[in-house]
Amino acid sequence: MTLTQILKTLVTCILVITFILVTASAYRHHRSISSLANLSDATSTIMTHLAADELAYIDETDNSKHSYVIDPCKLENLVFTAEFGGDNFEFQVTVHYRLGDDEQELGPYGSVLLNDNTTNCSLTAACALWSNGRFLPAKLSVIVWYA
Amino acid sequence: MAFMFILIIFGAVLMHAYSLRPLQAATDRQLELKCEHIYKTLDTAWVENYTLSFLRAAAENLVLEYPTIPGSYLCSAMENTLNYLSPSDYEISATLTYEETTLTFNENREPPSKQFIRQGTVSIMKAGGENAIVHVAVMLFKIS
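Sequences listed follow chains A and B, in order.
Take the first sequence: its position 69, counting from 1, is numbered 69 in our numbering, and each next residue is one higher.
Take the second sequence: its position 110, counting from 1, is numbered 257 in our numbering, and each next residue is one higher.
If you are wondering where the hints come from, they were derived from the structure by calculation, not from laboratory data.
Do not take every clue at face value.
Said to hold, decoys possible - Below 20 Å or equal to it, Euclidean Cα-Cα: the simulated EDC-like pairs (lysine to aspartate or glutamate) are:
no.: 1; chain 1: A; residue 1: Lys65; chain 2: B; residue 2: Asp190
no.: 2; chain 1: B; residue 1: Lys261; chain 2: B; residue 2: Asp175
no.: 3; chain 1: A; residue 1: Lys65; chain 2: B; residue 2: Asp175
So here's chain A without its partners, still in its complex pose (with noise of 0.2 Å):
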């Protein structure tokens, strides 16, 4: 075997070691950015039975249900734990609202990240609050991380 062979040889195993560890790399890669897109989802799945149904506001005179109109009576009780596909998350609820000029905040309400490390997807959107007598408009924020 000649030095120029065993150099081939050598180079050929350097791509192939190369190419295993690129691939193992980018299937890493890509099982880390499923985990946040799932996390992602949950989240908006989350902010969406909020404010459509569990937070929602319920008029009394004709037990209409106003989705998209926050109650705050209804934050205290709430459940602040969710599966979705098999997975358990946990959540934070913050409502932001301003009175005026100036901004008001209630919460946060649920779970504590225990952990600053741990992923976490947070998502403001707004909302209506019914607030005395008055549908204001208002920010729903919620993070959310895995169980």
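Use these hints to put chain B onto chain A, whose structure you have.
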């Protein structure tokens, strides 16, 4: 050999870039959801000091000769609220159209790099009992 090496580098970049697509799609879905929430909020929340929603008040300004909320007050209240509700790096504009007339709040003058639109209608009863249908488009767009 050099060609194979270049091919591996190119493949690696391609594989990593492709795997980012689900996350970009999830982010777009969140923005779509935010746009829907903004529309519903404007449709439900009342203008300060009045008991009329933002979209209904704007539709009245477009259709009626004597709307409940004066145009200048509504314009200021609407733009304040749109600025308050807009996510960071994004802006919201609302356009109402009735026949040939258009009313736009927070008009976007530059072509947006990314935009999400939620359309709907608001019906207003005119003086003669005629029902006027006003078309509404709420646009969430990225500031370039």
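Results of checking the hints against the structure:
no., hint, result
1, Lys65(A) to Asp190(B), "holds (15 Å)"
2, Lys261(B) to Asp175(B), "holds (10 Å)"
3, Lys65(A) to Asp175(B), "violated (28 Å)"
The structure does not agree with numbered hint 3 stated previously, though it agrees with all others.
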